[in-house]
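Residue numbers (this note's numbering), protein chains in the order written: chain A, 57 to 135; chain B, 57 to 135; chain C, 100 to 266; chain D, 100 to 266.
Check each hint, because a few of them may be wrong.
To be verified - In the DSS-like style, the derived pairs of lysine-lysine whose C-alpha atoms are separated by at most 27 Å in a straight line are: (1) K205/D / K215/C; (2) K215/D / K106/B; (3) K106/B / K74/B; (4) K205/D / K215/D; (5) K215/C / K74/A; (6) K205/C / K215/C; (7) K223/C / K74/A; (8) K74/B / K223/D; (9) K205/D / K205/C; (10) K74/A / K106/A; (11) K205/C / K215/D; (12) K223/D / K106/B; (13) K215/C / K106/A; (14) K106/A / K223/C; (15) K215/D / K74/B.
Said to hold, decoys possible - Some, not all, of what chain C presents toward chain D, calculated at C-beta under 8 Å: (16) T120; (17) R122; (18) Y127; (19) E183; (20) I186; (21) G187; (22) R200; (23) F204; (24) R208; (25) I211.
Hints listed in this document are in silico derivations from the structure and should not be mistaken for laboratory results. Heads up, the beta-carbon is just placed ideally off N, CA and C, and yes, glycines get one too.
Residue-level listing of the chains:
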Amino acid sequence: MPQIHIEYFAILREHVGKNAEELNTDATTAGALFDELDGRYNFPRMAGMKVAINAEFSDWDAALADGDSVVFIPPVAGG
Amino acid sequence: MPQIHIEYFAILREHVGKNAEELNTDATTAGALFDELDGRYNFPRMAGMKVAINAEFSDWDAALADGDSVVFIPPVAGG
Amino acid sequence: MSGFEFSQTAPSLETLRLRVTDRTAGAYVAFEGWVRDHNEGQQVLRLEYEAYEELGLREGERIIAEAAERYGVTRARCLHRLGELEIGDLAVWVGVSSAHRDEAFKACRYIIDEVKHRVPIWKKEHYVDGDSGWVNCERCAEKGSGSLLSGSGGSGFSRDSAAKNRG
Amino acid sequence: MSGFEFSQTAPSLETLRLRVTDRTAGAYVAFEGWVRDHNEGQQVLRLEYEAYEELGLREGERIIAEAAERYGVTRARCLHRLGELEIGDLAVWVGVSSAHRDEAFKACRYIIDEVKHRVPIWKKEHYVDGDSGWVNCERCAEKGSGSLLSGSGGSGFSRDSAAKNRG
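The shape of chain A in the complex, shown without the other chains (with noise of 0.2 Å):
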C-alpha cells in the first residue's frame, strides 16, 4: 500500500494529538484519504475545508502517490 505522510495543523493538529503521522492507505485520492481519517478520528465539523499535496492546494479527487504530503486545511484566518 502507498505509505502517505500527513500533517496537521491548528484545530486538527490539537484534536488529532500530533503534528504529522506517517500512513499506509488505499485511499486513491485526497477526499477518500480525508474520509478515512475522520472515519478513524471524528474530525471537528466545519465548511469550506481545503486540501494541499505536496505543500500546493490541490482538488479533493487529485490522485495521491506513495510518498505524497497531505495537509488538511480548516478555514484560515489570517490578520
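Using the hints provided, position chains B, C and D relative to the given structure of chain A.
Structure of chains B, C and D alone, referenced to chain A:
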C-alpha cells in the same frame, strides 16, 4: 474707502514681491478687488484660482467690508 | 528578494518600511492588522497564530507577485506574525510603494484581502472568560454538532462539506 | 485634539503612528507621500512647500472630521510638511485606525484625496536642469500667455477663470 488686508502666497507672493499689503479700495467684491490688483500687478495666468475672506473660502462675488483679510489662492498642490 | 515572510517575533516597523522605499516612488501605503480587545462580541485577552509555513510562503509570494503585476507598483511586501500575541500587537503588515497613490492603495488592499483568504494561517483566540477557540473553525463547528472539538457526525461536513471544495 | 497639522521639520513616524493606536482598533492604514526624483518628465532635485496655514489647518480639520463621520473610524490624523524637502523625504502622512480594514482604507484615501484638492498648500519644484516652477500654476500659465510669471493678459484667466469659481 474700506481698508483691506491682502496676503500673497506662492506664485503670487513671488510675482508681487511681498507677503502682504494694506489697500484702500472702492472694490465691493473679492472679484472686483482681484481685477483691481491684476490691473496693477498683471498676475500670472492660471485657471482655478480661488479666494478666501477672513480665512474661509468665499465666492468671488462676496461683499468686502472694512478690515477684511483677503487671500487669492492659486491651484493647490499638496502631497 | 522575498516579498512575503513569517516572523515569530515583533518586527521593526522602520526596517519593514525601509524595504519598500525607492527614489522613484511618490506614494507609500501601509496596512497593519492589530490584535484588538474584542471579536464577535467576545473580550479577547491574547491570541496565537499558527501557519502551514511551506505553503503559506509560496501562496504569499504569489499574492505579492499578482499585486505587482496587476497594479504596476514599485515594491510590495508582507509580513505575518506567528506565535503568541497580546492586545495591540502587530499581527500583519503590508507595505507598498509606487509612483502614484492610486495603485499603492489598490495593491495594498489586494494583498491583505488575498492573504486573509488564501494563506494557510490560523488564529486561536483566548478570551477574558477563560474560553478559547480557533477563529472561523469554531463558528462552523457551532453550526454542526454543537461541540467544537468533538463533532458527533451526521450533521457536520466531512463528506458533504468536503465535496463542496472538490473541483 | 488636533487631527491636522503642519510641520517645518521631519516628523517621527513612530510618534505619528502612536497617536492613532487604540485597543479597540484592529486595522491601521497609513499613507505617505514621498518626494520622488521625477515629475511630469522632469528630474526633480528638491522642493519647497508653502501653506496658507490659518485656512489650511481649518480645512484640514474639516477633512479629518468628514472622514471620521463618513466611515466611522476610530482615529484619524494628517501631517503635512512645509519648507524645503529633498528626494525621499516625507511630504505628507495620513494615519487611520478602525475596528475593521474597509473603513480604514476608505477614510485614509478620502483624507489624502481631499487634502490634495482642498488644503491651500503649494509646491515649488527645483529641477536638475536648474529650472524651477510652482506645480499646477506653471502648467496653467503655459496654456495662457506662455510666460510663467508675466502673463500678458487677454488669454489668461483673470475675469473668465475667476468667474468659473464664483458661486
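Checked hints:
no., hint, result
1, K205/D / K215/C, "18 Å, holds"
2, K215/D / K106/B, "15 Å, holds"
3, K106/B / K74/B, "19 Å, holds"
4, K205/D / K215/D, "16 Å, holds"
5, K215/C / K74/A, "26 Å, holds"
6, K205/C / K215/C, "16 Å, holds"
7, K223/C / K74/A, "17 Å, holds"
8, K74/B / K223/D, "17 Å, holds"
9, K205/D / K205/C, "11 Å, holds"
10, K74/A / K106/A, "19 Å, holds"
11, K205/C / K215/D, "18 Å, holds"
12, K223/D / K106/B, "19 Å, holds"
13, K215/C / K106/A, "15 Å, holds"
14, K106/A / K223/C, "19 Å, holds"
15, K215/D / K74/B, "26 Å, holds"
16, T120, "7 Å, holds"
17, R122, "5 Å, holds"
18, Y127, "4 Å, holds"
19, E183, "17 Å, violated"
20, I186, "6 Å, holds"
21, G187, "6 Å, holds"
22, R200, "6 Å, holds"
23, F204, "5 Å, holds"
24, R208, "5 Å, holds"
25, I211, "6 Å, holds"
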